[in-house]
Amino acid sequence: MSESNTHAPAGGLRLLGYLVLAALSLVGLKAIIGTLADGHGALATTQHVPWGLWVALYIFFLGLSAGSFLLSTLIYVFGMKSLKPVGPLALLQALGCLLLGGLLIILDLGHPARLANVILHMNPTSAMAWMGIFYNLYILVVLVELYLAMRPRLIELASAGGAMSRWYCLLTLGSSNTSAAALARDQGWLKALGILGIPVAIAVHGGVGAIFAVTKARALWYSGLFPIIFLISALASGGALLTFLSVVTLKVPEEQKRKIVRLLARLTTGILCFDLLLLASEILVVFYGGLPHHADGWRQVLFGPYSWVFWGLQLALGTLLPILIVGGRRTGQSMKWLGFAGLLGVLGIIGARLNIVIPAQITPMFPTLPEAYHHMRYAYGYFPNSTEWQVGLGVCALGWLAFVLVRKCLPLDGQEHSATASSGGGEA
Amino acid sequence: MATPQDTPFPPSPPAESRREFLAGRAATAVAGALAVASLGGCGPASPPAQEGSAARRWGMVIDLRRCVACKACVASCKSENKTPPGVAYNVFIEEEQGTFPYVRRVAFTRPCMQCAKSSCAQVCPTGATYHRADGIVAVDYEKCIGCRYCIAACPYGARSFDYGHDYIEKAGNPYNEIPSSEYGASYGLRHKGGSPEGNVRKCTFCLHLQDEKGEYREPPACVRTCMGKAIHFGDLKDPEGVCVAHGEKMQALLAHRGNYRLKEELGNEPAVYYLPV
Ligand code: SF4
Ligand code: SF4
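First to last, the protein sequences are chains A and B.
First residue of the first sequence? That's 0 in numbering that gives the first Met the number 0, and the numbers climb one at a time after it.
First residue of the second sequence? That's 0 in numbering that gives the first Met the number 0, and the numbers climb one at a time after it.
Rather than coming from a laboratory, the hints here were simulated on the basis of the structure.
This structure is a prediction, so every number in the text was calculated from the model and none was measured.
Among the hints, erroneous ones may be present.
[Unchecked claim] DEER-style ranges, computed between Cβ atoms:
1. P100(B) <-> F273(A): 38 to 44 angstroms
2. L320(A) <-> G192(B): 29 to 35 angstroms
3. P100(B) <-> L28(A): 55 to 61 angstroms
4. M375(A) <-> P275(B): 32 to 38 angstroms
5. Y166(B) <-> A315(A): 35 to 41 angstroms
[What the hints assert, rightly or not] Below, simulated DSSO-like cross-link-like pairs (lysine-lysine); rule was C-alpha separation at most 27 angstroms, straight line:
6. K335(A) <-> K80(A)
7. K407(A) <-> K80(A)
8. K169(B) <-> K29(A)
9. K191(B) <-> K215(A)
10. K29(A) <-> K83(A)
11. K228(B) <-> K248(B)
12. K29(A) <-> K191(B)
13. K215(A) <-> K228(B)
14. K191(B) <-> K77(B)
15. K83(A) <-> K258(A)
16. K258(A) <-> K407(A)
17. K83(A) <-> K215(A)
Don't be surprised by glycine CBs; every beta carbon is placed ideally from N, CA and C.
Construct all of the structure, not just a fragment, from the sequences and the given hints.
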């Protein structure tokens, strides 16, 4: 099992990495507390661009979550046995990203303490309200699924003795039945929840897409294709992150791991290609028609001052390079390269999310509106300021650290069947 | 039913509202002893009708031929609602068309359109933004979570998020001691962390100037300040409805010169009409 660690950085480097992450997290936490205490005056968003970096990162995380959850249903609903070892990892990823996104969007609210109003005073014509409802339902589904997916292994570890056994015992929530019937029942529930989860995950993320798509005031968003692009790129991003994390963390026999990673990478690439197709269709239609408002948003994306986010980050680094790597004869076989491709895919999606949220808002509702009121909140344009970066990067770093920690405390690697690696020694 | 003609303008406003008006003026000039001295009795004489009168559909007819682009409407809105820096209920938009020397200046004042099919109330997740019976789109500051979806959705850029800026940051300065009278002064003074800071705010057609029956005691600030009498304000539901400030028949104004609404193609059905130059 030592091979699975060959891609992890050496001790010193790893320590340095953790230190950087910890520093980023601390800076982020400080900025978070600052915003909570002092309000939104510290943000660079304006009256023309009310949603900035945090919202972009929110949909980024939500996409990662929905994507990895939907991939997990390949295992639990569609019975794709070969992927089974990454099931718990995919579910944890779904849960973690969901929480990170939630943190960011709550911070983005002017009155975070009133969050419950979305449910208590729900307005049924609001896509955002529906997203709120489904968001909660989705958390529940993912939590229960994660528990069920780990349950047999938790019970096993709880009885294995050792320092951690009490912790695992706690996590079993008192259940100890690992009979064949009980396991079968688990699988049944996993399948049922997975089936329920598919529409819920689609509703959550497609719902976020709908938040944008129903906004006729911002022509770039106002497209029926938008929620679909949201979902497809969510799948791609979830697959990319899962590929990366599998390469770095999965502890199963090397041959099996290679199979899993290659399968994931190919799936992701296929989805990326489909995403590209949707994007091309949208862009071609928009520019062919050339409706001024519509084309203007896309002009910002493709030729605006931050067009490198599209051409460089989203397209070259985040889409084409991963496709080339996965398709390459040598690179397509190498764990390292495939993991790298996954990482690139994730980074590219950040670019895609920024491009969704920000360029559509750049053009004010009347071209000369910024001159009508001389104040920074009415100024033209938007670029995240240091507070927003601090919080954004801080939340990413926090998420990473939390993942490292949680991974040590949860049996994520491969369930009872393949668990031969960590303590206890599998007897499945 | 009391029609707006019953209270001709300029009506003699209650002493308190006059004082509040002065306070507002002082705020746009240099806030000083005058402002502090006029603090005591701000707020309308009677509480506003919360939901307005269903018999009315308040609207504006803005005659651009009468507008001299003095922007007094913007200043008076600032002083009436005491909007902080970076928050604008009403802005004056100017555009230049053509190339020199053949240029023309297009200019218009832009309040909230109080759309019949408003995007803001449609998307608001909490129902904090809602339609009153008289067509005015209002915000319940206590419900609003500050998500800013309504800003993203409003095609007229008519909403602003209160980022908590003050004209003078130092606490206790006279600017910050003048309460706003919007929503019947229930949110008069802003304070850190409380509404309306962190909320989205918008033009309400000065609904705090309505009496308990939902009729206007005096016209909205921009209307009564407009020196060219370019902004007409009245009931659009009543075919005979007249401007509460200048007395013209609203429907007649609309019919005689032809009219248009901004971004008509979006289907928001604004209650604000413009008469062409
Ligand atoms: S102009 Fe904007 S804020 Fe006013 S009612 Fe219409 S959509 Fe709402
Ligand atoms: S900011 Fe307030 S009023 Fe606007 S959509 Fe959100 S909850 Fe509604």
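We went through each hint and held it up to the structure:
Hint check: P100(B) to F273(A), Cβ distance near 55 angstroms, so the stated range 38 to 44 angstroms is violated. Taken as a hint, the range 29 to 35 angstroms is violated for the pair L320(A) and G192(B), whose Cβ atoms sit roughly 46 angstroms apart. The supplied range of 55 to 61 angstroms is met by P100(B) and L28(A), whose beta-carbon atoms lie about 60 angstroms from each other. Range check, M375(A) to P275(B): about 34 angstroms between beta-carbon atoms, so the 32 to 38 angstroms window is met.
In this structure, Y166(B) and A315(A) break the distance hint of 35 to 41 angstroms, their C-beta atoms being roughly 47 angstroms apart. Proximity of K335(A) to K80(A) is assessed by CA-CA distance (about 24 angstroms); at most 27 angstroms being required, the pair is judged to hold. For the suggested pair K407(A) and K80(A), the alpha carbons sit about 25 angstroms apart, so the restraint of at most 27 angstroms is met. Taking the CA atoms of K169(B) and K29(A), the gap is about 24 angstroms. The hint holds against a cut of 27 angstroms.
For the proposed pair K191(B) and K215(A), the alpha carbon gap of about 34 angstroms is over 27 angstroms, so the pair is violated. Annotation: proposed proximity of K29(A) to K83(A) is violated, straight-line Cα distance about 40 angstroms (limit 27 angstroms). The hinted pair formed by K228(B) and K248(B) meets the criterion: a straight-line CA distance of about 14 angstroms does not exceed 27 angstroms. With a C-alpha separation of about 19 angstroms, the suggested pairing of K29(A) with K191(B) holds against the 27 angstroms cut-off.
The straight-line distance between the Cα atoms of K215(A) and K228(B) is roughly 34 angstroms, outside the 27 angstroms bound, and the hint therefore fails. About 20 angstroms separates the Cα atoms of K191(B) and K77(B), which keeps this hinted pair within 27 angstroms; it holds. In summary, the hint linking K83(A) to K258(A) is supported, as the alpha carbons are separated by about 12 angstroms, within the 27 angstroms threshold. For a cut-off of 27 angstroms, the pair hint linking K258(A) to K407(A) stands: about 24 angstroms separates their Cα positions.
A threshold of 27 angstroms between alpha carbons decides the hint, and for K83(A) with K215(A) the separation of about 43 angstroms lies outside it, so the pair is violated.
Checked against the numbered hints given earlier, the structure breaks hints 1, 2, 5, 9, 10, 13, 17 and satisfies all the rest.
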